[in-house]
Amino acid sequence: MTTLQSQPNHAGDPHGADGAHDGAHGSAEHAKYPFLQHHFDTPHHQFDSAKLGMWLFLATEVLFFGGLFVAYAVLRNRFPEVFSYSSHYLDTIMGGINTCVLILSSLTMALAVRFAQTNRKTGLIICLILTFMGAIGFMVIKYFEYSHKIHDNLVWGTTFYVPPHDAAGEAEAKELSVAPTVSVTLNPVNPAVFAVPTLASTPAVDASAIKQASRAPAGMATPTQMAKAEGLPTGEHDPSFAHPATHLVDKKMPANSHVFFAIYYAMTGLHGVHVLAGMVVIAWLLKRAIRGDFSSDYFTPVDVGGLYWHIVDLIWIFLFPLFYLIH
Amino acid sequence: MTTINLSQPLDTAARPDNYITHTRGFMSWAFTLDHKRIGVMYLVSVLVSFFVGGVFALLVRTELLTPGQTIPGVTADVYNHFFTLHGAIMVFLVIIPSIPAALGNFIMPIMLGAKDVAFPRLNLFSYYLWIFGALFTVSSLLLGGFDTGWTFYTPYSTTTPAGGVIPALTGVFILGFSSIFTGLNFIVTVHKLRPPGMTWFRMPLFLWAIYATAIIQVLATPVLGITLLLLIVERAFNIGIFDPSMGGDPVLYQHFFWFYSHPAVYIMILPAMGIISELISVHAHRHIFGYKFIALSSIAIAIFSFLVWGHHMFISGQSPLLNTLFSLISFSVAIPSAVKVFNWMSTLYKGNIVLNTPMLYALAFLVLFTIGGLTGIHLATLNTDVHLHDTYFVVAHFHYVMMGSALIGMIGGLHHWWPKITGRMYNENLGRIGCITVFIGFNVTFFTQFFLGSQGMPRRYYDYQPEYQIYHVISTIGSYIMASGFLLTAYYLLASLFGGRLAPANPWGGRSLEWQCASPPPFDNFSTQPRVGDCYDFSAIRWDEKEQGYVVDRALDPTLNPNLAAKNSH
Amino acid sequence: MNIASTIFSNLLAGDPREGRTVWLPPPDSNLAANSDQMFWWINIICYFFFIGIVIALVILVVKYRMKKDRPFRTDGPLHHLPLEMTWALVPLFIVIFVFYFGFRDYLNFMTPPKNSYEIAVTAQKWGWLFKYPNGATSDDLYVPTGRPVKLSMRSSDVLHCCYIPDFRVKKDLVPGRYSYLWFQTDDVTPTGWGHNLFCAEYCGTGHSNMNRKVYALSQPDFDEWLVAQSQWLDKIPEEELYFRAGPKLYARCQQCHSLDGTKGIGPSWKGLWTRVSGGEGGDGKFVDGAGYQSQIGAGKQYQTPEDYIRASILNPGEHVVAGYANAMPSFKGQLNDKGIDAVIGFMKHMDEFDTKGKYLKEVPPAPKVSMK
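Protein chains in written order, with the working numbering: chain G, 1 to 327; chain X, 1 to 570; chain P, 1 to 372.
Same shape as in the complex, but just chain G (with noise of 0.2 Å):
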């Protein structure tokens, strides 16, 4: 019970400015406990609070990305092939190396609150220094996977179908007007007399009309038909051979593979954010950890930041086989 005797008076004292200086107020708990604060008992009561509210938030995050998991469960229902077929463009190796650096850097992690509820500040920095520089592996390795994929084309919308910048691609890119990235309005799809309904979402559209295909969103052709027109090489590639245009030359291509990268980009996009984020977390933690301010007392940001390091991993470990492992 927070106890409530008659208070001196503080006209003037802008009220818990950083909440960390009330030992003016009367209680013993609040004048040994200089980071307690003014609502809360005890240090333990506030520690109690600080844990629920990071399992709130913890929720929340579940949720955000639970969305785009779905997404991904949606997607790859209806698109089955798309999805064993793109996996392949994915580096395993890289992605494995990943995994294991994220889970590493949740080890150290822990070791970090461990080290400062056992007062050990020099254990406390180091373990700190580790997990950030874990996340820094895991941001270069990501940097690289990106910058190979992207420098390919192997991307979201109809970049997908651009020939990539090499000197070929440079001067079809000239011809064709590039991804549009604001439609106004669709086009219609298939604007043809149709007498049977069929219930393809992806209609058919006939060569003559790949020029048409290529620039807009309009009936997307299967790469293969494209890259005849265009007079790129048509032969069978392993997709693994990293040749510039692979998907687009590659008649085993199934339509609509934009898709796959399309969720690949956002959910492992939006995984790198929340990486950034926690390095921030980090950083700000290590410079409160060589200021002195953690001690068995009080580790509560340690720990809070950790528990958020953790279901950043978490979520990784998900992302892993979901994209890299499964075909």
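Among the clues, some could well be false.
If you anchor each label on the Cβ, the simulated ranges turn out as follows [said to hold, decoys possible]: (1) X:F125 <-> G:H44: 23 to 29 Å; (2) P:S230 <-> X:G144: 42 to 48 Å; (3) P:V363 <-> X:V55: 47 to 53 Å; (4) G:H151 <-> P:D234: 54 to 60 Å.
Among chain X residues calculated to face chain G with C-beta under 10 Å, some are [said to hold, decoys possible]: (5) G183; (6) A220; (7) M246.
Since the hints were derived computationally from the structure, they do not count as laboratory data. Using N, Cα and C, we set each Cβ at its ideal position, and we do this for glycine too.
Fit chains X and P to the supplied structure of chain G, relying on the hints for placement.
Chains X and P alone, transformed into the frame defined by chain G:
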């Protein structure tokens, strides 16, 4: 006479320091961590937004006086912007934050006898998120506006040339996080900051309602966040998730959107229901009937609200199986609400009812919520919904529940806690007139729209067939009546700030803890330890003439007088 | 803005049928009868509960109002479990009943009979096109009475919704998919009057102007109409095409193209022919900077101005006039060559029409073609 006098004297000079006067200056408000000040800032912001949204509503209704163009300069395109903005402002800037952030922030910690919410800095951050969200939404007006309807259905929202769509979506995204953090804060507050003696089933029902609302806020709003993010990305980069020509599905958007937006409507109504529990019991001076049922029905509504989103999509091409399931579960959500209404009515039975302004608002709520809830049956029934979906019948239904119930509940709560928040009493006669005017105007406006809808008039129409005109004219006249009622209310509430009678600690005779501290409360809420008893036991209150307020008679209160046996507890 | 007089004159522009109640328009399909009965039963339940609750409230407030001469009551009961169970379970049973009947009738609505007469429907911003099995197309919906009719619907652009209030049917049209709705109407619509058909899913500027009419004809009349409709353009002599067919076809273009010079979503047709023929205004440009005259003419992409107009109708994205967005849908499949000729003729003879597209001269008596 052994009375405990827990209020301050009427003499202003002797009035002790309160949260308003404790520190002065813009910075002391802008960087405050005091939940009361944050609540007041939210209140002002929400009421200003309500005024803006209301102006758009009046523009819409005035334009609809005649088929075709009525107001010079208002073309179909401009009209579409008007109704979109009206909806977006009212839903995201007003109704969702209003009760939890404005009233809940102020009252909840005091009702708990606590000094603040669990995370005061997060609370201030939530308020700034609201401000940023509002700024983005306003900025969208300057960048071309948005005309998609507040529901942003694809593919129209991803292809409309209106330039303000992405800023508006960003604004709503930010507002979503304001809501999430508020909910998170409240859940931890209710779990961790209850005083000794206040077990779960001794909490005031307003707190049960806020708690149930917070659960929905925390679990549902992130899904809105990801939906809006996907929409922004779809619009900016054309990833194709909602574009059928790229393998996407426009109906997928509807599933995502309504998965949040249906629970959102319960974020709007549950806190209002909590307020009604307080209003009826306090102003009928009668212990609430069926406490446990009301408390648990709030939780039941929160849980069920996640299972019914598809009833917005019966016509969308959703499979018959899903339609059937959603229809069935939607009916079951009605039951906890009905239980509450009957419990509130029973609270009036053998009570001591005072027909003051808060009680009038509570009675208005009961009537309007009954109509709104009952017309939900037409919409949950599969075959009648085929006829009524996307007509004015739906517009009437949701205005009855969102405005006639949630907003009326909020205004009732505002009147109930006005003396506590401001330390002033408003003019009671004007209060009653304002309530009755709004009630009459509301019914004229929206009951007419039920007929409009069942006769076949679709919604979001700028132009309409001539045979519908008479309904539109009546509805618009009603809206002017309602607007004048709101203006009157604004007038006397503002006037009270400058000349209203100073309020006692307990003007109404309430027993929850907020009535034990001064009006307005001191900056740290209580100067003496509040006592936790049965917050619905009105047997011990007495009117004090000198005080012009209620006080507790020690001899009669079992928590203060150990000789008395405790009243039958719930 | 004389609102009063417009209200009354509009009230009189009413419905020649009987059977409209205060809540619902006359039911005119097989599905309507069940829908209305359900609606009526739900209303009864609502009246019962609402009136009951209001009366109870009035009695409670009057009887238990706090008055100076009345003692302060403290004997109010706190709970009553049997009562709670009653008022939870009774509504539950009622709504389950309501659900069941609604569900049963809904299954009927979702299941078109096998022998339904199928009409293809396309919606786009902002109009409808109804296409019949023999190839005839129409802007309004004509249906035969006495047999089930199934609408097989698709959208060309954004979400639309086909709503016929009198039949109590409604279904969204989703781009990329086909959706269905069916009904059977047995009453022939009075001459010159049709049921309303609305778009009921917000689709932009012209959402409230997508209204069309539904005409129900007896089977023999319908068959006659169908044949005439498929041939109506063909039956018109070449020289009369522009004034007989032009205005009718223009109805589909008017949402975006004005005739009086007002800039809409698309360029106004006023002076259009002169512009594209190299006359006044012929120095206009397309969005890519090319001038009209560099694209239209012998040896250029469009040999003649007629070619350019034709290409604009069938493939509008090819060259968009400067200052406008690429917003026009293609009319390939909706407008045959004769139709295009009619539109081109309409543009050529713009001075013979008023700004609403009405022919200003006397229209000679039509050949025997029934057109509504």
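Outcome of the hint check:
Separated by about 25 Å at the C-beta atoms, F125 of chain X and H44 of chain G satisfy the suggested range of 23 to 29 Å. A beta carbon spacing of about 44 Å between S230 of chain P and G144 of chain X agrees with the range 42 to 48 Å that was offered as a hint. The supplied range of 47 to 53 Å is met by V363 of chain P and V55 of chain X, whose beta-carbon atoms lie about 49 Å from each other. In this structure the supplied range 54 to 60 Å holds for H151 of chain G paired with D234 of chain P, their Cβ-Cβ distance being about 57 Å.
Taking 10 Å as the C-beta cut-off, the interface hint given for G183 of chain X holds, the closest approach to chain G being about 8 Å. For A220 of chain X, the suggested interface contact is upheld, since its CB lies about 8 Å from the closest CB of chain G, less than 10 Å. The beta carbon of M246 of chain X is positioned within 10 Å of a beta carbon in chain G (closest approach about 6 Å), and the interface hint is therefore held.
Hint compliance for this structure: no hint is broken.
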